[in-house]
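Number of protein chains: 2
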Amino acid sequence: MQGKLRAMEIATPGHVNRLAARTQRLRASTIREILKVTQQPDVISFAGGLPAPELFPRKDLAEAAARILADPVDGSNSLQYSVTEGHPPLRAWVAKRLHEVWGVEVAPDDVLVTGGSQQGLDLIGKVFLNPGDTVVLENPSYLGTIQAWDAYEAEYLTVETDALGMVPEALERTLRTTSVPPKLVYLVPNFGNPTGVTLAQERREAIVRICERYDVPLVEDDPYGELRYEGRHLTPLIAYPSAGTIIYLGTNSKICAPGLRVAWMVCRDGAVRERIVPAKQAADLHTNTFCQFLFTEYAKDGATFAAHVESIRDCYRQRRNAMSEALHAFMPSDVRFNEPGGGLFFWATVERPNIDTEALLHEVAEKQRVAFVPGRAFFPHHDVKNAMRLNFSNMPPERIREGVERLAQGLRAYPA
Amino acid sequence: MQGKLRAMEIATPGHVNRLAARTQRLRASTIREILKVTQQPDVISFAGGLPAPELFPRKDLAEAAARILADPVDGSNSLQYSVTEGHPPLRAWVAKRLHEVWGVEVAPDDVLVTGGSQQGLDLIGKVFLNPGDTVVLENPSYLGTIQAWDAYEAEYLTVETDALGMVPEALERTLRTTSVPPKLVYLVPNFGNPTGVTLAQERREAIVRICERYDVPLVEDDPYGELRYEGRHLTPLIAYPSAGTIIYLGTNSKICAPGLRVAWMVCRDGAVRERIVPAKQAADLHTNTFCQFLFTEYAKDGATFAAHVESIRDCYRQRRNAMSEALHAFMPSDVRFNEPGGGLFFWATVERPNIDTEALLHEVAEKQRVAFVPGRAFFPHHDVKNAMRLNFSNMPPERIREGVERLAQGLRAYPA
Numbered sequence: 001m002q003g004k005l006r007a008m009e010i011a012t013p014g015h016v017n018r019l020a021a022r023t024q025r026l027r028a029s030t031i032r033e034i035l036k037v038t039q040q041p042d043v044i045s046f047a048g049g050l051p052a053p054e055l056f057p058r059k060d061l062a063e064a065a066a067r068i069l070a071d072p073v074d075g076s077n078s079l080q081y082s083v084t085e086g087h088p089p090l091r092a093w094v095a096k097r098l099h100e101v102w103g104v105e106v107a108p109d110d111v112l113v114t115g116g117s118q119q120g121l122d123l124i125g126k127v128f129l130n131p132g133d134t135v136v137l138e139n140p141s142y143l144g145t146i147q148a149w150d151a152y153e154a155e156y157l158t159v160e161t162d163a164l165g166m167v168p169e170a171l172e173r174t175l176r177t178t179s180v181p182p183k184l185v186y187l188v189p190n191f192g193n194p195t196g197v198t199l200a201q202e203r204r205e206a207i208v209r210i211c212e213r214y215d216v217p218l219v220e221d222d223p224y225g226e227l228r229y230e231g232r233h234l235t236p237l238i239a240y241p242s243a244g245t246i247i248y249l250g251t252n253s254k255i256c257a258p259g260l261r262v263a264w265m266v267c268r269d270g271a272v273r274e275r276i277v278p279a280k281q282a283a284d285l286h287t288n289t290f291c292q293f294l295f296t297e298y299a300k301d302g303a304t305f306a307a308h309v310e311s312i313r314d315c316y317r318q319r320r321n322a323m324s325e326a327l328h329a330f331m332p333s334d335v336r337f338n339e340p341g342g343g344l345f346f347w348a349t350v351e352r353p354n355i356d357t358e359a360l361l362h363e364v365a366e367k368q369r370v371a372f373v374p375g376r377a378f379f380p381h382h383d384v385k386n387a388m389r390l391n392f393s394n395m396p397p398e399r400i401r402e403g404v405e406r407l408a409q410g411l412r413a414y415p416a
Numbered sequence: 001m002q003g004k005l006r007a008m009e010i011a012t013p014g015h016v017n018r019l020a021a022r023t024q025r026l027r028a029s030t031i032r033e034i035l036k037v038t039q040q041p042d043v044i045s046f047a048g049g050l051p052a053p054e055l056f057p058r059k060d061l062a063e064a065a066a067r068i069l070a071d072p073v074d075g076s077n078s079l080q081y082s083v084t085e086g087h088p089p090l091r092a093w094v095a096k097r098l099h100e101v102w103g104v105e106v107a108p109d110d111v112l113v114t115g116g117s118q119q120g121l122d123l124i125g126k127v128f129l130n131p132g133d134t135v136v137l138e139n140p141s142y143l144g145t146i147q148a149w150d151a152y153e154a155e156y157l158t159v160e161t162d163a164l165g166m167v168p169e170a171l172e173r174t175l176r177t178t179s180v181p182p183k184l185v186y187l188v189p190n191f192g193n194p195t196g197v198t199l200a201q202e203r204r205e206a207i208v209r210i211c212e213r214y215d216v217p218l219v220e221d222d223p224y225g226e227l228r229y230e231g232r233h234l235t236p237l238i239a240y241p242s243a244g245t246i247i248y249l250g251t252n253s254k255i256c257a258p259g260l261r262v263a264w265m266v267c268r269d270g271a272v273r274e275r276i277v278p279a280k281q282a283a284d285l286h287t288n289t290f291c292q293f294l295f296t297e298y299a300k301d302g303a304t305f306a307a308h309v310e311s312i313r314d315c316y317r318q319r320r321n322a323m324s325e326a327l328h329a330f331m332p333s334d335v336r337f338n339e340p341g342g343g344l345f346f347w348a349t350v351e352r353p354n355i356d357t358e359a360l361l362h363e364v365a366e367k368q369r370v371a372f373v374p375g376r377a378f379f380p381h382h383d384v385k386n387a388m389r390l391n392f393s394n395m396p397p398e399r400i401r402e403g404v405e406r407l408a409q410g411l412r413a414y415p416a
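Sequences listed follow chains E and A, in order.
Residues in the first sequence are numbered consecutively from 1, following the numbering used here.
Residues in the second sequence are numbered consecutively from 1, following the numbering used here.
Here are the simulated DSS-like pairs of lysine-lysine, each with C-alpha atoms no more than 25 Å apart in a straight line:
1) K96/E to K300/E
2) K385/A to K36/A
3) K59/E to K300/A
4) K300/A to K59/A
5) K36/A to K367/A
6) K59/A to K59/E
7) K367/E to K385/E
8) K59/A to K300/E
9) K367/E to K36/E
Hints are computed from structural coordinates only; laboratory data are not their basis.
Build the full structure now, drawing on both the sequences and the hints.
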């Protein structure tokens, strides 16, 4: 890794620092190529992670925008500079919702508004990480987190992750045996990206206690928790009283509209918040005021909001079912896949000796006109080549079925 | 500086890195205290840099929002994830306006949208600066830039700045004699913050040529350029063809609504843009889509937009005049101040041996109920104590007059 990085430094203009070169590496190798393929209109793309745009509450948001801008005080305040911590009524809404839906007790002051959860990850990196610091991740883990913390030259320790999520014993072993204590433990507890795996209820408090014992802050990134298609919510890690630091990341992106870029970071540790706020101020002063007002005005009608979230669940449940049925119907017998109980993704692995899903993507995008995200980029050490992430939220069931059939054809045609 | 920094590191929790500690230092010492004072309702505050909220085009923005959200395609796209580079019609609008108003020739692809200019500064820091790198600044310089680049542990070289802006000969001397080449030269060419000074026309090409010759990228931060209250626009630095790299920062904040957090970075150097884009992606994926659509929809009617900008100029010109008249009428004879031809600020210095404007602020805020920003924070080396920044955009002329009279009283009462 270091050798590669140095080589790239030499290739870049002298003005640009090594962090940028490292970020560039990931970008070039994954996102752009995927976008190039999936933008062709006849390609069925399972590559994105986009919400279904037909579910955006356009009419209700239009009414909320009109109400805000018709009011002299709200109208002016929604267009003005505002405080770095976030719009106070939105912070109060987040605290209330965390209590009502998740049983979490936090104060509005514990909530900081961010420009998407991605900014939350970036600010955590900025405040916690010096070059060479280590972070504990699931394996595989969310690509956006790796990109955010690559910029701070983090090194990654991966912990065994199975169908029930991160393995507590493996986490404890890692924390006990590592020579330098990691700066953070990061995980996605519900319907993870890319794997769709949910951390089992019985592992949750264990992980909180291990992080507490080893005094390592825990980052709980929960963009998909509300998108549960069966069963009951499990306990968020931040719901467990702990002497350790837990930072919870939530977002409006999957329950309203990602284009608003309104998300939240929740942390009871005032010393951490005291350092996040100036980092946020230096990064962009504050999250855009208008969309904070807009989301708050829209979401304050609890019945409308609850019905909207339920309609998203209903739609995505059907699409999840359609993808599951198609995978069972069409996939060759050497393809394994999970049955996610929520979220946006299936995760499939191909049990074939020479499979390389990046090469497979090039084949099927060209011949079968179907796309997915090769799994390799989600592994911090880029060492797994037989996996793929399949999104089901962004197209109707019949197109999902057609796409899975095409992908299965491509897999059959791919040299064994 | 290093000693102080280390001392603070010890005082902060072990998890938090030294960058955060350094950012914290600035924050605590300036912004919070100012806010605390100025939020009291009977205080007349010249401390902010806020646009006049009564000028926000609330009605036109409401109509634009309604049009966007009523359209099935625009409505959905304005609420969805979008590309990191920015909304293409907004990038095209920026290129067109730079040509029409400023005579600058750039392509839409040269434009990247940022979450306020503050994010542009942060991304430049992220891409260009390693700890200990030096940056050349005017003296004094914009506080937000110092905050942004403190987070990357920049060191600052200041160059002599007079009533005509940065002195080219002083810049050349600095670049010729410094042992390690600086990574950036940064300046605000028009109606600078805090001083209100404008870089003279005859110095502009000279500064471009010096940066070109020494191969140092030049950052031209121009939030106030459109707010010119008399005379004609001077040539932007980016208008001069140059073999060097010039990054121009512009924003909607002063000509429409800062709460939208829509700004732009313009750079013809593709190698720089190629590194800014992944840094932006890691920082927040993209600037909020809805406000990009909203500003573009509002600003596309050229006549309406031109009339709006003209109405801002008319209003602020009156306020600038009111402050100038009051300063002449009330200030003691040992107070010097400039006559800014645009922008938002007067800059006053007190020619009195023991003056400390931070102490003065505490006095006048309590006794005369008036506030300003002490000049010290704008000096990268915090070595000037006799200056103050006075904002005139955020209140009507009669209140400006009253506030200046109060401030003059406080100055007379302040021990010589």
